[in-house]
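> Listed in order, the protein sequences are those of chains V and L. Per the numbering used here: the first sequence ends with 118, consecutive numbering throughout. Per the numbering used here: the second sequence ends with 118, consecutive numbering throughout.
None of these hints come from the bench; they were simulated from the model. Check each hint, because a few of them may be wrong.
It does not matter which identical chain is used: a pair holds within one copy or between any two.
Stated by the list, open to error - 27 Å max Cα-Cα, derived DSSO-like pairs, lysine-lysine:
hint: 1; residue 1: K20; residue 2: K49
hint: 2; residue 1: K20; residue 2: K69
hint: 3; residue 1: K79; residue 2: K18
hint: 4; residue 1: K79; residue 2: K20
hint: 5; residue 1: K79; residue 2: K69
hint: 6; residue 1: K22; residue 2: K49
hint: 7; residue 1: K69; residue 2: K49
hint: 8; residue 1: K49; residue 2: K79
2 protein chains.
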Amino acid sequence: MQSETFLISDKVKWKPAGEGMQRMILGYDDRIMMVKMHFDAKAEGSMHTHPHSQCTYIIRGKFVFTIGDETKTVSAGDALYMPPDVLHGVTCIEEGELIDVFSPTREDFLQ
Amino acid sequence: MQSETFLISDKVKWKPAGEGMQRMILGYDDRIMMVKMHFDAKAEGSMHTHPHSQCTYIIRGKFVFTIGDETKTVSAGDALYMPPDVLHGVTCIEEGELIDVFSPTREDFLQ
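Taking the hints into account, I'd like the entire structure generated from these sequences.
Below is the structure:
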């Protein structure tokens, strides 16, 4: 299981990912997956857990993230690490984009 | 082995990563590591391989990437996937930044 090597932005498609959110699957194999997310202002990724390790990088916009019992506002250039099985969620304050990367891959995103 | 959960950009330090390149280690655990790279124009990441799977996202700037036998120019919003043990390298054409993510983690970057 492997994506293409070059993922040129105008050729990769956005897919719906919940109210006010879109997802673009970038590179992946069985142990890693990179995803770009677009959030409208006020969109919410409600609190959830998954067994994957997750790293996130904020491209633009403003977001309030909760990871475990800590809540902070983050913006362009900030990053987050979400350990496996730790509750986390996000609310978008200003429309924006971020990069989510998971290990192992999010097989549920490929279905 | 685990990074902090919130990596706020003005508190994370750049480290030298070869001529014309700097590295900022963002989130990580044993199976994933996210790194921001800054490239001056003309800086080169020479052709190399590693056993890690790698995903890259171009934040800004212009880069020529070679992965295996394919070479393309990429810029903001484009992404790349480098399979384990496949030769790859990059030349920066216009000063810029990118996000590299590896699985498993790059323990060599933590030493």
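> State whether the alpha carbon distance between K79 and K20 is at most 27 Å within one copy, between copies, both, or neither.
Result: close only across copies, 20 Å inter versus 31 Å intra.
> Please work out whether the CA atoms of K20 and K69 approach to 27 Å or closer within one copy, between two copies, in both situations, or in neither?
Both: 23 Å inside a copy, 22 Å across copies.
> Pop the pair K22 and K49 into one bin, within, between, both or neither, using alpha-carbon distances up to 27 Å.
within (19 Å within a copy, 36 Å between copies)
> At 27 Å max between alpha carbons, let me know whether K20 reaches K49 within a copy, between copies, both or neither.
within (23 Å within a copy, 32 Å between copies)
> Pop the pair K79 and K69 into one bin, within, between, both or neither, using alpha-carbon distances up to 27 Å.
Within. Shortest intra-copy distance 11 Å satisfies the 27 Å Cα cut-off; inter-copy 32 Å does not.
> Classify it for me, K49 with K79: is the Cα-Cα distance of at most 27 Å met within a copy, between copies, both or neither?
within (16 Å within a copy, 37 Å between copies)
> From the Cα coordinates, with 27 Å as the cut-off, is the pair K79 and K18 best called within, between, both, or neither?
between (34 Å within a copy, 14 Å between copies)
> Indicate which option fits the pair K69, K49 if close means a Cα-Cα distance not exceeding 27 Å: within, between, both or neither.
within (10 Å within a copy, 33 Å between copies)
Going through the hint list in order, the structure satisfies each hint without exception.
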